[in-house]
Amino acid sequence: AQKITQTQPGMFVQEKEAVTLDCTYDTSDQSYGLFWYKQPSSGEMIFLIYQGSYDEQNATEGRYSLNFQKARKSANLVISASQLGDSAMYFCAMREGLGNTDKLIFGTGTRLQVFP
Amino acid sequence: DSGVTQTPKHLITATGQRVTLRCSPRSGDLSVYWYQQSLDQGLQFLIQYYNGEERAKGNILERFSAQQFPDLHSELNLSSLELGDSALYFCASSARSYQETQYFGPGTRLLVL
Numbered sequence: 001a002q003k004i005t006q007t008q009p010g011m012f013v014q015e016k017e018a019v020t021l022d023c024t025y026d027t028s029d030q031s032y033g034l035f036w037y038k039q040p041s042s043g044e045m046i047f048l049i050y051q052g053s054y055d056e057q058n059a060t061e062g063r064y065s066l067n068f069q070k071a072r073k074s075a076n077l078v079i080s081a082s083q084l085g086d087s088a089m090y091f092c093a094m095r096e097g098l099g100n101t102d103k104l105i106f107g108t109g110t111r112l113q114v115f116p
Numbered sequence: 117d118s119g120v121t122q123t124p125k126h127l128i129t130a131t132g133q134r135v136t137l138r139c140s141p142r143s144g145d146l147s148v149y150w151y152q153q154s155l156d157q158g159l160q161f162l163i164q165y166y167n168g169e170e171r172a173k174g175n176i177l178e179r180f181s182a183q184q185f186p187d188l189h190s191e192l193n194l195s196s197l198e199l200g201d202s203a204l205y206f207c208a209s210s211a212r213s214y215q216e217t218q219y220f221g222p223g224t225r226l227l228v229l
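Line order of the protein sequences matches chains A and B.
Take the first sequence: its position 75, counted from the start at 1, is 75 in the numbering used here, and no numbers get skipped.
Quick note: to get the numbering used here, add 116 to the position in the second sequence (first position is 1).
In short, the hints are calculated from the structure, not lab data.
Some clues are possibly wrong.
What the hints assert, rightly or not - Ranges of calculated distance between the beta carbons of each label pair, as one might list FRET restraints: (1) Y54(A) / K173(B): 38 to 48 Å; (2) A18(A) / P186(B): 43 to 53 Å; (3) D26(A) / Q157(B): 40 to 50 Å.
Said to hold, decoys possible - Simulated pairs of lysine-lysine, BS3-like, Cα-Cα distance not exceeding 30 Å: (4) K16(A) / K73(A); (5) K173(B) / K125(B); (6) K3(A) / K173(B); (7) K73(A) / K3(A); (8) K73(A) / K173(B); (9) K3(A) / K70(A); (10) K70(A) / K173(B).
To be verified - A short, non-exhaustive set of chain B residues, derived as facing chain A with CB atoms under 7 Å: (11) G158; (12) F180; (13) T217; (14) F220; (15) G223.
A virtual CB, placed ideally from N, CA and C, is assigned to each residue, including glycine.
Could you put the whole structure together from the sequences, leaning on the hints where they help?
Encoded structure:
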């Protein structure tokens with residue numbers, strides 16, 4: 001069965017430093033997608049970045065980059081130059097590629113706290 | 117702002133009651149997904165609709181049902197509510213049904229007393 005594992009329940013980082021949030025996945029599909037979402041304390045889920053299994057380059061979106069290591073089945077999120085507003089829960093998710101549905105499977109999340 | 121709207125934002129009700137959660141997808145999106153986020157179960161997929169038809173089902177209880185209307189808005193109906201149904205319910209939408217990013221609404225926080 002497909003599974004997402006986030007082993008860091010909480011992380012601390014100082015403002016302006018970079019931080020890596022870990023995500024490993026398990027799937028037997030050849031075609032899949034990996035996503036990161038941010039959930040601030042207000043509750044909404046904000047899409048950050050996407051990596052397709054066939055993408056040869058690591059995805060980047062502004063200060064966010066995804067360190068995709070296919071052989072290791074890892075998709076770590078790197079946030080550069082952390083800001084206080086980055087304090088939130090971060091969820092890694094995988095698109096389950098069965099048939100023609102985009103059902104997402106989520107990890108348990110990592111709570112990131114950025115301190116001055 | 118993702119462009120996905122959900123109403124109401126908060127809902128407090130009693131056990132045994134029935135509630136309806138409403139979702140309007142982003143303009144032009146045909147797919148709607150419902151997810152439940154609870155402390156013990158985390159984020160779980162409930163159900164997906166594409167252009168009015170049910171496309172995929174997850175761990176959705178029989179007491180729960182959903183539909184997508186011709187104008188593409190969707191409703192999630194929760195009946196015979198139990199304390200354990202208290203959760204944050206998200207609606208997400210995507211342009212089509214496959215290989216598309218899902219954009220989430222702000223969620224409806226349901227509290228069953």
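So which of those numbered hints doesn't the model satisfy?
-> As far as the earlier hints go, 1, 3 and 12 are violated by this structure, in ascending order.
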